[in-house]
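Go by the hints and put chain Z onto chain U.
Read off the chains here:
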Amino acid sequence: MKEQEALQLIETVISKTKKDLTDNGIFYLIWGWAVFIAALSHLALEVMPIAYIPSPFVWPIFMSTAGIISAIIAKKQMAKQQVKSYAEEFIKTMWFAFGISLALSIFITLWAEPMLCYPIVLIFYGMGTFTVGKIIKFKPLIIGGIICWLLSIASLFVNFNTQLAILAAGILISYIIPGHILYKQAK
Amino acid sequence: MSILVTAEEAEFNYLKEQTKATSGNLSVQIDKLKKAGYISVEKSFRNNFPLTICKKTDKGLLAFEKYVNDLKAYLKL
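Chains as they are written, first to last, in the working numbering: chain U, 1 to 187; chain Z, 188 to 264.
Bound conformation, chain U alone (with noise of 0.2 Å):
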């Protein structure tokens, strides 16, 4: 029945447009792994130093190496990218800033009360992540938000070997799994 095609046609047309607009998660892969490494980089040099480097080393290092690959993978996307979703201004405007709060926060923190910096860093993660999660219906993201935020409060109460270990924890979670489904369904 042409009337019975004609919907037939338009839902498959709406999962088809629906689907070349959902995220692959790689800038999720990208900064979650990076920060995943670098954290665990730094918990190891504290507990066994090599000589000449400064454990902090490693996050300078890991950070702009993610910078660089993301703002060339971001341009590569923009260009070829054909159909735009509603949600997408919202989103980038919200990574830029938590991007510039981000940063802030850790100078002010390391440079006020550093045993602070790594539960404000939860606490942006857990909102960036919530927030997405939220606006694009993604069950992982909004799990890994409040886990962060939970995260936050714990890291508190240890010390600061420990607190590398919980945001290491909370990066996997927030970021690293629910990328690799976002990158799986892509598919």
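These are computed hints drawn from the structure, not numbers from a lab. The beta carbon of each residue, even a glycine, is placed where N, CA and C say it ideally should be. Any given hint could turn out to be false.
Per label pair, the in silico range of CB-to-CB distance [said to hold, decoys possible]:
#1 Ile73/U with Asn256/Z: 39 to 45 Å
#2 Ala260/Z with Lys76/U: 41 to 47 Å
#3 Asn234/Z with Ser105/U: 35 to 41 Å
#4 Ala103/U with Ser214/Z: 35 to 41 Å
#5 Phe107/U with Ser214/Z: 49 to 55 Å
#6 Thr22/U with Lys203/Z: 17 to 23 Å
#7 Asp257/Z with Lys75/U: 24 to 30 Å
#8 Asn159/U with Arg233/Z: 50 to 56 Å
#9 Thr12/U with Leu238/Z: 22 to 28 Å
#10 Ile108/U with Ser227/Z: 15 to 21 Å
#11 Gln8/U with Phe236/Z: 30 to 36 Å
#12 Leu262/Z with Lys137/U: 49 to 55 Å
Taking lysine-lysine pairs in the DSS-like style, the calculated list, with each CA pair at most 25 Å apart, reads [stated by the list, open to error]:
#13 Lys2/U with Lys219/Z
#14 Lys16/U with Lys80/U
#15 Lys18/U with Lys253/Z
#16 Lys221/Z with Lys84/U
#17 Lys2/U with Lys259/Z
#18 Lys203/Z with Lys230/Z
Covered stretches of chain Z, going by a simulated chain U footprint (3 or more residues, C-beta under 8 Å) [what the hints assert, rightly or not]:
#19 189-198
#20 217-227
Same frame as chain U, but now just chain Z:
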């Protein structure tokens, strides 16, 4: 319209690929939808190539929803 209702905006080439229409046919359809006030069309350039971006209008969304509801109502008879 299904594509434009789902996304905020879509490029001409994307619409062409998804509908498997020819450039000529698609241009005609886009013109009709634009004249009906169902979509807006923005023409610009990217890397010296012409770029056409289509967005639905509120009027277009309402018309599409009515169309789908009419289809569903008809099929229930």
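Quiz item: Between Asn159/U and Arg233/Z, does the beta-carbon spacing fit 50 to 56 Å?
Solution: holds (53 Å)
Self-check item: Outcome of range test on Cβ distance (Thr22/U, Lys203/Z; 17 to 23 Å)
Solution: For Thr22/U and Lys203/Z the Cβ distance comes to about 21 Å; the hint holds.
Quiz prompt | Cβ separation of Leu262/Z and Lys137/U, checked against the hinted range 49 to 55 Å | solution = Check failed, 28 Å falls outside 49 to 55 Å.
Exercise. Could you see if the CB distance from Asn234/Z to Ser105/U stays within 35 to 41 Å?
Key: Taking Cβ atoms as reference, Asn234/Z and Ser105/U lie about 39 Å apart, which means the hint holds.
Quiz prompt | Hinted pair Lys2/U and Lys219/Z, Cα distance within 25 Å | solution = Holds. Lys2/U to Lys219/Z sits at ~22 Å (cutoff 25 Å).
Quiz item: Between Lys221/Z and Lys84/U, does the CA-CA distance stay at or below 25 Å?
Solution: holds (19 Å)
Quiz prompt | Hinted pair Lys2/U and Lys259/Z, Cα distance within 25 Å | solution = Satisfied, since the Cα-Cα distance of roughly 12 Å is no more than 25 Å.
Self-check item: Whether the CB-CB distance between Gln8/U and Phe236/Z falls inside 30 to 36 Å
Solution: The hint (30 to 36 Å, Cβ to Cβ) holds, given that Gln8/U and Phe236/Z are roughly 35 Å apart.
Exercise. Apply the coverage criterion to the stretch 217-227 of chain Z and chain U: a residue qualifies when its Cβ sits closer than 8 Å to a Cβ of the chain, and three qualifying residues are needed.
Key: violated (count 0)
Quiz item: Is it true that Phe107/U and Ser214/Z lie within 49 to 55 Å of each other by Cβ?
Solution: For Ser214/Z against Phe107/U, whose Cβ atoms are near 53 Å apart, the range 49 to 55 Å holds.
Exercise. Below or equal to 25 Å on CA atoms is what counts here, so check Lys203/Z against Lys230/Z.
Key: holds (16 Å)
Quiz item: Within 25 Å, alpha carbon to alpha carbon, are Lys16/U and Lys80/U?
Solution: Roughly 17 Å between the alpha carbons, so the hint for Lys16/U and Lys80/U holds.
Comparing the model with each earlier hint shows violations of hints 4, 7, 10, 12, 20; every other hint is respected.
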